[in-house]
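For any residue, its number in our numbering is found by taking its place in the sequence shown, counting from 1, and adding 456.
Because the hints were derived from the structure by calculation, they are not lab data. Keep in mind that the hints are not guaranteed to be accurate.
Simulated crosslink set (EDC-like; lysine to aspartate or glutamate; CA at most 20 Å straight-line) [to be verified]:
id	residue 1	residue 2
1	K523	E512
2	K523	D543
3	K523	D505
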Amino acid sequence: MINIFLSIGSEHIRRAIRLVLEQVPEYHLSGEADHAESLLAQVCTRPPDLLLLDWELPNLHPNRLIKAVRACCPHTLIVALGIRPEDELQARERGVDEFFLKNLYPEEFLDSIHSLTHQHKEA
Numbered sequence: 457m458i459n460i461f462l463s464i465g466s467e468h469i470r471r472a473i474r475l476v477l478e479q480v481p482e483y484h485l486s487g488e489a490d491h492a493e494s495l496l497a498q499v500c501t502r503p504p505d506l507l508l509l510d511w512e513l514p515n516l517h518p519n520r521l522i523k524a525v526r527a528c529c530p531h532t533l534i535v536a537l538g539i540r541p542e543d544e545l546q547a548r549e550r551g552v553d554e555f556f557l558k559n560l561y562p563e564e565f566l567d568s569i570h571s572l573t574h575q576h577k578e579a
C-alpha cells in the first residue's frame with residue numbers, strides 16, 4: 457500500500473486526481489489539503505509515502521514548505537504538479553523529487569507515479 461497525500465488548490469483538479477488514483481488498489485489517499493498550512497499540519501502528523509504538491513498552491517512558499525516537509529517527513533517523495541514546463545527547474549532546485557505537468561493523460565500520470573514509487577522502493 458502506498459499512502460499518497462494530495463495538496464491541490466483547485467477542488468476540480470483535486471477531485472479529478474482523486475478519481476484517477478482511486479483506480480489503483482495499491483494507492484491509498486491518506487489526506488488532502490487546499491493550502492500550505494493545512495498540508496503541513498496533516499503530513500507532519502501522518503507522513504505519506506508520496507506528496508503530490510500543486511506548484512501553484514495558495515500560500516506556497518516553496519523553500520520553507522519543502523524544508524518543513526523534509527524535516528518532518530524525510531522519506532516522503534515530493535512530486536510537484538505544475539502547468540508551465542519552465543517551473544520544473546525551479547521546483548527541482550527547491551528540492552522536489554519529481555515534477556509532473558498537470559496536463560498528463562491519466563494513464564501517463566499513473567505510469568509516472570508507479571515508476572517513481574517503485575524506483576524508490578528498490579533504492
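Hint-by-hint comparison with the structure:
Proximity of K523 to E512 is assessed by CA-CA distance (about 17 Å); at most 20 Å being required, the pair is judged to hold. Pair hint K523 plus D543 holds up; C-alpha atoms about 18 Å apart against a cutoff of 20 Å. Proposed proximity of K523 and D505 is supported: the alpha carbons are some 16 Å apart, at most 20 Å.
When each numbered hint is compared with the structure, no violation occurs for any of them.
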